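Produce the entire structure from the sequences given, and follow the hints as far as they go.
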Amino acid sequence: ETGVTQTPRHLVMGMTNKKSLKCEQHLGHNAMYWYKQSAKKPLELMFVYSLEERVENNSVPSRFSPECPNSSHLFLHLHTLQPEDSALYLCASSQIAGGQDTQYFGPGTRLTVL
Amino acid sequence: AQKITQTQPGMFVQEKEAVTLDCTYDTSDQSYGLFWYKQPSSGEMIFLIYQGSYDEQNATEGRYSLNFQKARKSANLVISASQLGDSAMYFCAMREGMNRDDKIIFGKGTRLHILP
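Going line by line, the protein sequences match chains U and H. So the first sequence is numbered by the working numbering: it starts at 1 and just counts up by one. So the second sequence is numbered by the working numbering: it starts at 1 and just counts up by one.
These aren't lab readings, by the way, just hints derived from the structure by calculation. Quick caveat: nothing in here was measured; it's all calculated off a predicted structure. Watch out, some of these pointers could steer you wrong.
Pairwise CB distance ranges, derived in the manner of DEER restraints [to be verified]:
id	chain 1	residue 1	chain 2	residue 2	range
1	U	Ser38	H	Leu84	22 to 30 Å
2	U	Arg54	H	Gln30	24 to 32 Å
3	H	His113	U	Glu52	39 to 47 Å
4	H	Arg72	U	Thr7	39 to 47 Å
5	H	Lys70	U	Glu52	53 to 61 Å
6	H	Phe12	U	Lys40	19 to 27 Å
7	H	Lys70	U	His77	40 to 48 Å
8	U	Val55	H	Glu15	42 to 50 Å
Quick reminder that beta carbons are idealized off the backbone N, C-alpha and C, glycines included.
Below, the structure written as structure tokens:
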């Protein structure tokens, strides 16, 4: 398998549920990202992991909890979400080497919170 | 102030015509990179083309070219000979600096419709 994969592709959950989104990259990259894409907002960066260390956390509510066990895997743990958290969650990876560290995206998980 | 501005929320273009998608950016950094991504209805963000701030020539990738005008701070995407499969959202993005914690900022996107 190549590129960046995400599972599940679609997720419907209640506000009291706990679920996790999974991202895996097969590109040998050293950085991984979580983005949120809502219907009427620009793409919002949520978390950045570089060399498995979190380097960015854009004031994301604590109900979103990232985990990066190694350079190929990234998780987003979800608990007690709100309906406004419904969005497309995109994972990306890149090779940070200064300059053109192009991010390659996965297909996304479309999350609906009831 | 917006870092990335895409002024065209939607565009309709006849198949086989060339398309220019506008993007202007705002930065005081000397080192930065500009990206264009395509997002079809499936949701996946597909990297199209990259232009570095120090690159003297406009980037080209197949039917895609980036019209980089540094003084005007514009980085328009040109798609030649458009195809029906080009219908999608297109995002312009910028990365300022070259440090590992420098993040990419995306514009709001332009929805392109290619008409048969």
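- Failing hints, ascending? 5
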